[in-house]
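Chains A and B, in that order, are what the protein sequence lines are. To get this note's numbering, take the position in the first sequence, counting from 1, and add 3. To get this note's numbering, take the position in the second sequence, counting from 1, and add 24.
Hints in this document: simulated from the structure, not taken from any laboratory. All of these numbers come straight from a predicted model, not from anything done at the bench. Virtual Cβ for every residue (Gly too), placed ideally from N, Cα, C. There may be inaccurate statements among the hints.
Computed cross-link-like contacts, BS3-like style, restricted to lysine-lysine with a CA-CA straight-line distance of at most 30 Å [what the hints assert, rightly or not]:
hint: 1; chain 1: A; residue 1: LYS17; chain 2: A; residue 2: LYS93
hint: 2; chain 1: A; residue 1: LYS179; chain 2: B; residue 2: LYS47
hint: 3; chain 1: A; residue 1: LYS46; chain 2: A; residue 2: LYS17
hint: 4; chain 1: B; residue 1: LYS47; chain 2: A; residue 2: LYS46
hint: 5; chain 1: A; residue 1: LYS93; chain 2: A; residue 2: LYS179
hint: 6; chain 1: A; residue 1: LYS44; chain 2: A; residue 2: LYS93
hint: 7; chain 1: A; residue 1: LYS44; chain 2: A; residue 2: LYS179
hint: 8; chain 1: A; residue 1: LYS44; chain 2: B; residue 2: LYS47
hint: 9; chain 1: B; residue 1: LYS47; chain 2: A; residue 2: LYS17
hint: 10; chain 1: A; residue 1: LYS179; chain 2: A; residue 2: LYS17
hint: 11; chain 1: A; residue 1: LYS44; chain 2: A; residue 2: LYS17
hint: 12; chain 1: A; residue 1: LYS93; chain 2: A; residue 2: LYS46
Simulated restraints on C-beta separations [claimed, not checked]:
hint: 13; chain 1: B; residue 1: SER46; chain 2: A; residue 2: TYR87; range: 36 to 42 Å
hint: 14; chain 1: B; residue 1: LYS47; chain 2: A; residue 2: TYR87; range: 28 to 34 Å
hint: 15; chain 1: A; residue 1: ASP66; chain 2: B; residue 2: GLY36; range: 14 to 20 Å
These are the residues of each chain, in order.
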Amino acid sequence: MSVVNYGTREITCKIVYYGPGRSGKTTNLQHVYSQLPEERKGKMVSLATETDRTLFFDFLPLDLGTISGFATRFQLYTVPGQVYYAATRKLVLQGVDGVVFVADSQSRQLAENIESLQDLHANLADEGFDPRTIPLVMQYNKRDLPAGEISAVEDLDETLNFRGVPHYGAAAINGKGVFETLRSISSLVLSRLSAPATKG
Amino acid sequence: MARQAEEEEEGGEFADFLADVSKEIAQRVESLDPTPKAAAEARKKTPIAGEERRKTPAVAEAGVIVEWPSIADRLIEEIR
Chain A
4 MSVVNYGTRE
14 ITCKIVYYGP
24 GRSGKTTNLQ
34 HVYSQLPEER
44 KGKMVSLATE
54 TDRTLFFDFL
64 PLDLGTISGF
74 ATRFQLYTVP
84 GQVYYAATRK
94 LVLQGVDGVV
104 FVADSQSRQL
114 AENIESLQDL
124 HANLADEGFD
134 PRTIPLVMQY
144 NKRDLPAGEI
154 SAVEDLDETL
164 NFRGVPHYGA
174 AAINGKGVFE
184 TLRSISSLVL
194 SRLSAPATKG
Chain B
25 MARQAEEEEE
35 GGEFADFLAD
45 VSKEIAQRVE
55 SLDPTPKAAA
65 EARKKTPIAG
75 EERRKTPAVA
85 EAGVIVEWPS
95 IADRLIEEIR
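Isolated chain B, as found in the complex:
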């Protein structure tokens, strides 16, 4: 019985270690993530985000429409 408890406690050492490491890796991976998800997060913070973007398409300086409410909306628009 005592041996079993001891073994469980010993097994817990690795489990605790793994839990700590997992937490740190999760934080680190998120902060370093170079994927579009991170870029999208950054884009959300631009002035054309949110409600304003839904009302009107954003127009870049060169006159090219760069943001539409959605691809489907754009297709419908063009079919018309």
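Isolated chain A (complex conformation):
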């Protein structure tokens, strides 16, 4: 859980973008990165294969500066979507504060979405998180594709969003819905900020 550290005056939150392969997780981070003012642009670390698939993970440190006297940092991660990188996904979830599930809206990808969501729940549970309560936002990406190729948001929501968490349609490739999603997960994470336990 993210903590307000009154000693070091720091707030750090870790947000992980999860979802099936090619659903647009890296594209989300790339859009956020493209919008950062020059003075805030750190390094976005992307480890990709020759075919541009995420091999290990993407990491975007988001230095928000000093807010209310606290150095505030958001760390955005993606996981590799392909099924055979299960160990990496588990590793990236360690210490997570909030998850954005990026679903592919294409009708033919529905089974992959479901499989990835189940994988997320299993990995969260393995890492000691309660999948029913961890801050989560659903993003239905690729809404820019032709209507005949994609499922309706309502249908996706009915199938995938059994927790009834906030959901957003997005076309991350055009930047649509990216910041709405980030704002929403940030808000959920911040609402759970806690003060560190005191000894005594």
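Given the coordinates of chain A, assemble chain B onto it according to the supplied hints.
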């Protein structure tokens, strides 16, 4: 020109996000603050606050004076 406007609008996305997050953090930090400031706020709400405290020093059950109008007043008192 159109490109410039587009870039400004794009830059605004992050600025809006930052503004929202800053607001939420400010509220959250204040509500969680464990420092003496928060304790002082709580103390103000005790019966010995305000005018009453200025008139007479408060005396704890054990007979120890725990509240004086100010340190300077106490020093003057003791010098006398």
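Hints violated by the structure (numbers, ascending): 14
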